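So the protein sequences, as listed, match chains A and B.
Residue numbers for the first sequence follow the working numbering, beginning at 1 and rising by one.
Residue numbers for the second sequence follow the working numbering, beginning at 1001 and rising by one.
Accuracy of the hints is not assured; some may be wrong.
[Stated by the list, open to error] SDA-like, lysine to any residue: derived pairs with alpha carbons at most 25 Å apart:
#, chain 1, residue 1, chain 2, residue 2
1, A, Lys313, B, Arg1180
2, A, Lys194, A, Gly70
3, B, Lys1101, A, Asp271
4, A, Lys313, B, Pro1081
It is worth saying that the hints were derived from the structure and are not from the lab.
None of the values given here were measured: they were computed from a predicted structure.
One-letter residues, chain by chain:
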Amino acid sequence: MKRPILLSTSLATLAVLLLADALPAEASPRAFVTNERDHTMSVVDMETLKVIDTIKTGRRPRGIIASPDGKLIYVCASDDNRVEVYDAATLKLVKTLRSGPDPELFVLHPSGNPLYIANEDDNMVTVVNVENNDLIAEIPVGVEPEGMGISPDGKYMVNTSETTNMAHVVDTSNNEIIENILVDSRPRIAEFTKDGKQLWVSAEVGGTVAVIDPSNWQIIKKIGFKIPGVADDAIQPVGVRITKDGSKAFVALGPANRVAVVNAKTLEVEDYLLVGQRVWQLGFTPDEKFLLSTNGNSNDISVIDVESQKVTKSLTVGRAPWGVVVVP
Amino acid sequence: MPTSRSSLRYLYLALPVLLLTGSASSFAAAPAGGLWPCIQRKVPELAAGQMWSGPPIDNLKWQDDRQVAELVPVLAAQRTPIDEATKQIDAFASTLGANSKERLTLLFAGLFEQINARRSRIMNGIERYAQHQIELSKRIKEESLSVAKAKKAAGPELDNAKALELEKQLLWDTRIYDARQQSMTAVCESPVLLEQRIFALARAIQDKMQ
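Take the sequences, apply the hints, and build the full model.
Set out below in structure tokens:
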């Protein structure tokens, strides 16, 4: 009676081996970078740090985000007035979504649906169901809406308006504005900390980042930046990313060509890292070991080692790289 | 169309020369501010701190270092491809000893000074270019009024000939205006190209200072 057991064990081993063989090797994380002037998206293998593909997108691709599971990539094709959805594995265009005019930045609800899109040209935030492309709402906001953030619990969506100089807080249960926070000139990005206890808003012309307490929507502190040898008006904060543990924040400073490293506990600037020209947006790798910056004028991305706070590599992509997202 | 094509070619060929050498006599003097025609924000002077995080370069006498002084114009020249310039920087760095950081800093100081000065001259040229376009557009407006007036008064053979002559001048000026307007994007890219060049050179030099 031993033989059948042996046989079944061997068959099971064979099956495991065959299955293992059939499964693809574990893919390394990939970065997706929108190239505004090339109308393309570069795909970067984060193991080898090489561009492995360049995908043609709609015209003037800017904002880029991933679905919570990292399987879909959403791109704002600004001049085609639509959102494009790509499969992160096959790199194929899956579908397009309505966006309202001139979509620039957007944010997904933490559940993966709906999508909130800032429409720079008509002072609206468009809310779209990503499953069926239905228009859920159009929320009137300030002039030239731009940055989009959402609280980790999905209760609050925040939109910044460039000309009104405000961060508008929207209750996502009824899509009504519940608060308007005056920040410095030309606010660009709204980013919540992972614990939802702070909201950071960068002001490009004002040259500051406002740290806001969402329990009362009051500004706790405005972080300013000073770089020896760089004129104040060249310091233009745009992209903001904060580590999940809330210890460090990184702020892209536009034509200062630096990324500021901020101690997110003390809200003090610790360092300025020289990256590339006109650094715009930032994106962490899923393990947060690295941060990527898009450098619009030097046509490259820089790789920052988060722990050592060093720039380890710069990598040429397309013309005018704008946004970046990294998926597992 | 050969006239149009050749005039366009002339304009494109003449562009860098116009931007760098256009004198106050060829264009009316630009009033201070308000003439910048480019979508890019006007930043009259670059700051060294934007380009690199090495030592300060104020008041460095890079011209006193013969090797640096010879290398600077070669690397600053746009005809030297960045790859080739990087090789030359590598070669220069390999000859340096204990004071390599100081001498690489001198090299950056020289390149920054030269490229920044060239960029400032080009930016002044762009404003003169914009001023010239404004004047040309005013002239076109006046010419079109004259043509309309001449046509309205047309009767005798002599007047018709005058109207035709005025119309020819109007068409020619419009053609020049359009061609120059189409070149505006390329014109506005000139300072950006120089910023990219100095940044790439600074990065290559800093790589050798690690």
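### Query
Are Lys313/A and Arg1180/B close enough, with their CA atoms no more than 25 Å apart?
Violated, at roughly 40 Å.
### Query
Is it true that the CA of Lys313/A sits at most 25 Å from the CA of Pro1081/B?
Within the cut-off at roughly 21 Å; holds.
### Task
Please work out if Lys1101/B and Asp271/A have their alpha carbons no farther apart than 25 Å.
Given pair Lys1101/B, Asp271/A holds - Cα atoms ~22 Å apart, limit 25 Å.
### Task
Assess, step by step, whether the Cα of Lys194/A is no farther than 25 Å from the Cα of Gly70/A, and give holds or violated.
Holds. Lys194/A to Gly70/A sits at ~18 Å (cutoff 25 Å).
Of the hints listed earlier, the one the structure fails to meet is number 1.
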